[in-house]
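Number of protein chains: 2
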Amino acid sequence: MGRDNKYHVSFIGSGNVAFHLAKNMDASGVIIDEIYSPNRDNRELLAKALNAKAIESLASITATSDFYIIAVPDDKVKEVVSSLPPVKGVVAHTSGITPMSVISSRFKNSGVFYPLQTFSKQREVNIATVPFCIEGNTEAAAEKLTALAGKLSRNINAVNSHERKNLHLAAVFVSNFVNHLYHTANTLVEESGLSFDLLLPLIEEVAAKVKTLSPEAAQTGPARRNDKNSIKMHREMLNPHPDFKALYDLITRQIIKQYHE
Amino acid sequence: MGRDNKYHVSFIGSGNVAFHLAKNMDASGVIIDEIYSPNRDNRELLAKALNAKAIESLASITATSDFYIIAVPDDKVKEVVSSLPPVKGVVAHTSGITPMSVISSRFKNSGVFYPLQTFSKQREVNIATVPFCIEGNTEAAAEKLTALAGKLSRNINAVNSHERKNLHLAAVFVSNFVNHLYHTANTLVEESGLSFDLLLPLIEEVAAKVKTLSPEAAQTGPARRNDKNSIKMHREMLNPHPDFKALYDLITRQIIKQYHE
Numbered sequence: 045m046g047r048d049n050k051y052h053v054s055f056i057g058s059g060n061v062a063f064h065l066a067k068n069m070d071a072s073g074v075i076i077d078e079i080y081s082p083n084r085d086n087r088e089l090l091a092k093a094l095n096a097k098a099i100e101s102l103a104s105i106t107a108t109s110d111f112y113i114i115a116v117p118d119d120k121v122k123e124v125v126s127s128l129p130p131v132k133g134v135v136a137h138t139s140g141i142t143p144m145s146v147i148s149s150r151f152k153n154s155g156v157f158y159p160l161q162t163f164s165k166q167r168e169v170n171i172a173t174v175p176f177c178i179e180g181n182t183e184a185a186a187e188k189l190t191a192l193a194g195k196l197s198r199n200i201n202a203v204n205s206h207e208r209k210n211l212h213l214a215a216v217f218v219s220n221f222v223n224h225l226y227h228t229a230n231t232l233v234e235e236s237g238l239s240f241d242l243l244l245p246l247i248e249e250v251a252a253k254v255k256t257l258s259p260e261a262a263q264t265g266p267a268r269r270n271d272k273n274s275i276k277m278h279r280e281m282l283n284p285h286p287d288f289k290a291l292y293d294l295i296t297r298q299i300i301k302q303y304h305e
Numbered sequence: 045m046g047r048d049n050k051y052h053v054s055f056i057g058s059g060n061v062a063f064h065l066a067k068n069m070d071a072s073g074v075i076i077d078e079i080y081s082p083n084r085d086n087r088e089l090l091a092k093a094l095n096a097k098a099i100e101s102l103a104s105i106t107a108t109s110d111f112y113i114i115a116v117p118d119d120k121v122k123e124v125v126s127s128l129p130p131v132k133g134v135v136a137h138t139s140g141i142t143p144m145s146v147i148s149s150r151f152k153n154s155g156v157f158y159p160l161q162t163f164s165k166q167r168e169v170n171i172a173t174v175p176f177c178i179e180g181n182t183e184a185a186a187e188k189l190t191a192l193a194g195k196l197s198r199n200i201n202a203v204n205s206h207e208r209k210n211l212h213l214a215a216v217f218v219s220n221f222v223n224h225l226y227h228t229a230n231t232l233v234e235e236s237g238l239s240f241d242l243l244l245p246l247i248e249e250v251a252a253k254v255k256t257l258s259p260e261a262a263q264t265g266p267a268r269r270n271d272k273n274s275i276k277m278h279r280e281m282l283n284p285h286p287d288f289k290a291l292y293d294l295i296t297r298q299i300i301k302q303y304h305e
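Each protein sequence line maps, in turn, to chains A and B.
Numbering-wise (the working numbering), the first sequence opens with residue 45 and increments by one.
Numbering-wise (the working numbering), the second sequence opens with residue 45 and increments by one.
A couple of the hints might just be wrong.
Note that identical chains are pooled: a pair holds if it fits in a single copy or bridges any two copies.
[Unchecked claim] Only pairs whose alpha carbons sit at most 25 Å apart, straight line, appear in this in silico BS3-like list of lysine-lysine:
#1 272 / 122
#2 132 / 97
#3 301 / 289
#4 276 / 132
#5 92 / 289
Hints in this document: simulated from the structure, not taken from any laboratory.
Just so you know, these numbers come straight off a predicted model, no measurement behind them.
I would like the entire structure built from these sequences, with the hints used as guidance.
If you want it as structure tokens, here you go:
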């Protein structure tokens, strides 16, 4: 902590994750020292909003922050770790798929600060419920990262690199892949001149249902019932959309296999 | 309406949809006259709960209800329509995929009463927000069905058979197929000794996000970024699960095609 008795954090990155973490830290009394990003507009906008300094070159980052949060695309973490100058604070990345070793091999105080959530700049997130998955290369580093996460969320979890990688893969299924199904449905209803809004209560309930029922118990629909007539009709309706039909066929086959074979 | 100035409804079916519609109608002051179902336990349980009469044979259903709601599996609607005795009330089915003609060819006052929602007996649904898709073979039938739906929900929509069929197909994508992805993720996290609960805030946010952003704008993740290293690692992790890998490959290819080709 600084003389002001507050956590000081610098960010490497100014994308969706950096944006939401930095804004919410600032809102909870953490001081954002510096923000580095190769994207000039993004770093200056974010730095200005948080009363932080925008940094043009990684080499010039100040070494006095308590934490350095590397929030860059997964495939850029290694590169950033190797070009970051030596610092005393805890260096952590926010990547689900990148092992801690990528960072702990270079920094004595390091770890992972992975928020298991989807972030878009256009949309506020309720940070207090976001599961933070924390890993430290020492107990002290883990404790510090846990304390920092505690400024943001009530949902803090010790998760090692192997577990985190599996969690990240599962997250792709329930997040990016689910969203792709929403996109598919959106295309279908818009073609019929209907509004996607009609589907929103269903979307909400399907997501809420698995809070109290397992996905296996929650399943319904033509494939669950092995209703061959409905499936045949759906497949005919999808003829103009070979990609949607391929999705339909694969998932329908898997559901039938799960419940009827 | 009966002499009691209340709507009287009889149900054919005692599955998930009949269960929720009948219970919610009863709760809103509608009188449930009779319940027919080939499943003895289900019909007696539901009839008892709603102070209705359980009917053992369709032929013996009383002809004095205002509405006869056929809430049976999609592939059973035709059969029920042909064995229902003549009645004066409005006969409507609740099937997304079955055209109104199946019912209007036999009944003068008929239509469709399709609630666009997923129902499981173990779980209460907020019926007031469920979109009801109404179609009538006459204006009078449509008006009556609209009034009945209005006892349950604020979200009433005039939807013809062609539109409803498309809506039902889209609903399969955002409901049954999404739930299958939840099942996949559940299997993956449980294998790693982690709890599915960790994914719930993400699941909720992905569903909430498309209330304010289009699914196209809401997309994030490795395929959206065309992050080849993450995708390669995920594919290797999925080797023990050929079905999950097939899903991963198909959806990842479609997202990359959408944003990068």
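So, going through the hints one by one against the coordinates:
| no. | hint | in the structure |
| --- | --- | --- |
| 1 | 272 / 122 | between (51 Å within a copy, 15 Å between copies) |
| 2 | 132 / 97 | within (19 Å within a copy, 77 Å between copies) |
| 3 | 301 / 289 | both (18 Å within a copy, 16 Å between copies) |
| 4 | 276 / 132 | neither (64 Å within a copy, 34 Å between copies) |
| 5 | 92 / 289 | neither (48 Å within a copy, 44 Å between copies) |
Hint compliance for this structure: hints 4, 5 are not met, and every other hint is.
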